[in-house]
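Asker: Could you build all of it, start to finish, from the sequences and the hints given here?
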Amino acid sequence: MQSNTHISVQNLNVYYGKQHALKNITFDIPDKKIIVIIGPSGCGKTTLLKSFNRLIDSVDGVKVSGKVLVDGENIFDPKAEVTHIRKKMGLLSQNPSPLPMSIYDNVAYGPRIHGLKNKKELNSIVEHYLKESGLWEEVKDRLHTPASKISVGQQQRLCLARGLAVEPGIILADEPTSALDPKSSRRIEESFLKLKEKYTIIIVTHILRQAKRLADHVAFLYLGDLIEHGPAVDVFENPQEEMTKEYIKGVIS
Amino acid sequence: MDKRKIEENIFKALMIASTCLILSCLVLILAAIVVKGLPSLDLAMITQTPKGGYYLGKEGGILNAILGSLYLAGGATILAIFISLPVALYLNVYVKKGSRLASFTRFALDVLWGVPSIVYGAFGFTIMLYFGLRASLLGGIIAVSLLILPIMIRAMDEVIKMIPEKLLEASYSLGATRLETAMKVVVRQALPGILTAILIAFGRGVGDAASVIFTAGFSDSIPYSLLRPAATLPLAIFFQLGTPFPEVQDRAYASALILTIMILAISITIRILTRRFTRHIVK
Amino acid sequence: MFSWAYIIVKKIDEIMQNIRLLKDKIAGRFMFFLTIFSGLLVFLIAIGLYIRSRPILAIKPLSELLFSTSWHPLRGEFGFFPFIMGSIWVTVLAVVIAIPLCLLAAIYLSEYAPKYIRESAKPLIDLLAGIPSVVYGVWGVLVIVPLIKDHIAPFFGTFSTGYCVLAGGIVLAIMIFPIIIHVSLEVLRSVPYGITEASLALGATKWQTIKYVVMRKAMPGVIAAIVLGLSRAFGETMAVLMVAGNVAKVPSSALEPAYPLPALIANNYGEMLSVPLYDSAILLACLILLLVVLLFNILARVVLIKVERSIQ
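Just so you know, the sequences run in chain order P, V and Y.
Just so we're aligned: 221 in my numbering is position 221 of the first sequence, and the numbers increase by one with no gaps anywhere.
Just so we're aligned: 14 in my numbering is position 14 of the second sequence, and the numbers increase by one with no gaps anywhere.
Just so we're aligned: 168 in my numbering is position 168 of the third sequence, and the numbers increase by one with no gaps anywhere.
The set of hints was computed from the structure by calculation and includes no laboratory data.
Possibly wrong hints are sitting among the right ones.
[Said to hold, decoys possible] Straight line, CA to CA, 20 Å or less: simulated SDA-like cross-link-like pairs of lysine to any residue:
(1) V:3 x Y:212
(2) P:23 x P:10
(3) V:12 x Y:214
[Said to hold, decoys possible] Stretch-level coverage of chain P by chain Y, calculated; a stretch enters the list once three of its residues show a Cβ under 8 Å from a Cβ in chain Y:
(4) 53 to 60
(5) 93 to 107
(6) 153 to 167
[Unchecked claim] Far from chain V, by Cβ distances over 12 Å, these chain Y residues were calculated:
(7) 22
(8) 42
(9) 58
(10) 74
(11) 139
(12) 223
(13) 227
(14) 253
For every residue, glycine included, the Cβ atom is placed at its ideal position computed from N, Cα and C.
Answerer: Right, dumping it as structure tokens:
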């Protein structure tokens, strides 16, 4: 079973002003697998995720040191083109954030801003990715209604389709099902299990059960430190660190 | 990729240019007033009233207008306080959160805020006619107090709104009535903010001309009675500028400078008070 | 013995409690009436003006008053059309000048500028708002009028005294910068960060995000800001009075003088009572002004409340 490294994090440190949010994180993320980052709230999971697509750049007073290599290139290189990096990653946020436009325009937004104008191509992209995220059947005859009019679960699937439409290699998901009802959550999880054949998926979650259901690999973060990481089987059945043991047993939360 | 960057840079340049243009308007206006007004500014202007023929170029000053404005705006502010403070307290202490009366009143006040000052002047004028008043200090006070009422109420409202619920609850749980809570707890806590609101309204009242044209008339003497016309600084500027004599026009610029300095002083005081207030909020 | 004293003290305490509650109640009533008064003030003003306008409305049809260009009070002719058009010319020009400048500045301050620039620009813009309209008028006479007379008009091959629509438009534009920018900044601030983040995450540049996502979300609120500015310009009196020229003719170009409605009202307070129907006509003009401004304000405020509610 080949397991190339898609993303390699090396000595990543992130500071928000004086606050040391991520402390010397080093680990590799294998290609086309689901890696779940677990840990109690406020420990830096979201920061880590957002450093992958450099969304943390917009935070006032942020300082980053270290390297994150994606496909061999350091995304924090000063010469790197940010929009190019972000195109490689699709972000699914905790609260579905449909853009203020129609369902069609939401999915077409990504390809459009990168220069695609051909109507036919856009139509096929929209249909393809809405099918991939399982939303096509439900919205195919109202593609031009505003995206805000569909249910929250549908909106999250729309955001997934939207993110996939720019053909990233990596999917970043930040607590993707916390705002959803159980049925919608299940659908999103099923999508992830299908998508890992083509994409590397990094999920941040505080729901341990979800992690156990989805993860091929696990990274456990606590207060900015990477405590333990490795294949899911190893970390869940046989945790090496004391803190990991306690978290999994549900003591610290 | 390059096309996107170029477009962004063009707009960024336009944006910075716009911001600079707008800010430079402030500088231009203040500079022009200072440059034109300073040479003609002398002590006589602020310490003397116009002597005979002042508007034809003879001596005197605009003390009548300076004091007239201060009395008028001062009177209007005091009158407005008697209405504004109770209303602001009522909206925040007596009325339940989210009540329709509160939202309606706040909406009505926001709409009133946009009513042109000339309308207040004309309305004040009709009231004066109804009561048989002539153009006078009192008429001006009534018109200006109506003008600054929405400003003062909303400013006080914003400030009093910031007081945390817990403080009110603490007062009630000690057995205080709403009135007592309002007067003893809320006012004390929000005092700097309330003073700021009063100053904001006062500043507006000093600078406004359209509301006093109809109602306060004009006079060459310092106001000594509520029922006689009173001079106001904005109108003094207007009249001096309207004469064909360059010396008088120069005095208009100097008067404009005096008014601008007054307004600036009030604005700066407001800034300082606001900063002190936000430092002392109970969280 | 003791029980008597006890009963008396208890009674006094009860009475004092009742006084406190009574004071609370009376004060409450008093404040309630004041609040109702404040809320209804707008209606009171409109009604008051209407009552005084009745005489002329009884004699002349509204269509003649609004659309006739003949303004000869001594002959009993009161056509407001030149003044309404004058107001429209000056206001529209002011808004046309202000919109691009204010939008660009607001977007810059809200989305691009570092915090220290934003925080120092805001008080300066507020300062602009605090300058009294007479001072704007003086400045207009000092700087803008000669500019037009000596440089702009000759550049276009015509002559102008400088007291014209353009002068009024420029001065009004500067006067409404603060309100448009202030409200636009609030609206931009209220755009939820989630959609900005989503757009950036898809690889859009900041400017693309602003163009296609942020502005789309902020559009109703920004339009409301512009309408508030428009309303302010429409009602402004002193500054336009001093620079617009005050000739009772419909302007046919921006370099011709105009006589906006508020200027008409302000200029004639003296003669009003001596000519029959004049005061009624002027107060009718005032009522028209009030109703137009109210319409704009109410629409804009309703939109802004909706915007505020959508972020909660």
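Asker: Now tell me, hint by hint, if it's right for this structure.
Answerer: Evaluation of the provided hints:
As the CA atoms of residue 3 of chain V and residue 212 of chain Y are separated by approximately 16 Å, the hinted pair is consistent with the 20 Å bound. For the given pair, residue 23 of chain P sits about 11 Å from residue 10 of chain P by alpha-carbon distance, which is consistent with the 20 Å threshold. The suggested pairing of residue 12 of chain V with residue 214 of chain Y holds, with an alpha-carbon distance near 16 Å, which does not exceed 20 Å. Using a Cβ-Cβ cut-off of 8 Å, 4 residues of the segment 53 to 60 of chain P lie near chain Y, which meets the minimum of three, so the contact claim holds.
For a cut-off of 8 Å, the count of residues in the segment 93 to 107 of chain P with a CB near a CB of chain Y stands at 7, and the three-residue condition holds. Coverage of the segment 153 to 167 of chain P by chain Y holds [criterion: at least 3 residues with CB-CB distance below 8 Å; count 4]. For residue 22 of chain Y, the non-interface assignment is contradicted: its Cβ lies about 10 Å from the closest Cβ of chain V, within the 12 Å cut-off. Against the 12 Å criterion, residue 42 of chain Y falls within the reach of chain V, whose nearest CB is about 5 Å from its own CB.
Every C-beta of chain V lies more than 12 Å from that of residue 58 of chain Y, the closest at about 17 Å, which supports listing it as non-interface. Every CB of chain V is more than 12 Å from the CB of residue 74 of chain Y (nearest about 21 Å), matching its label as outside the interface. Its beta-carbon lying about 5 Å from the closest one in chain V, residue 139 of chain Y breaks the requirement of being farther than 12 Å from that chain. Residue placement check: residue 223 of chain Y keeps its beta carbon more than 12 Å from all beta carbons of chain V (closest about 16 Å).
In this structure residue 227 of chain Y is not separated from chain V by more than 12 Å, as the shortest Cβ-Cβ distance comes to only about 10 Å. The Cβ of residue 253 of chain Y sits about 25 Å from the closest Cβ of chain V, beyond the 12 Å cut-off, so the non-interface label holds.
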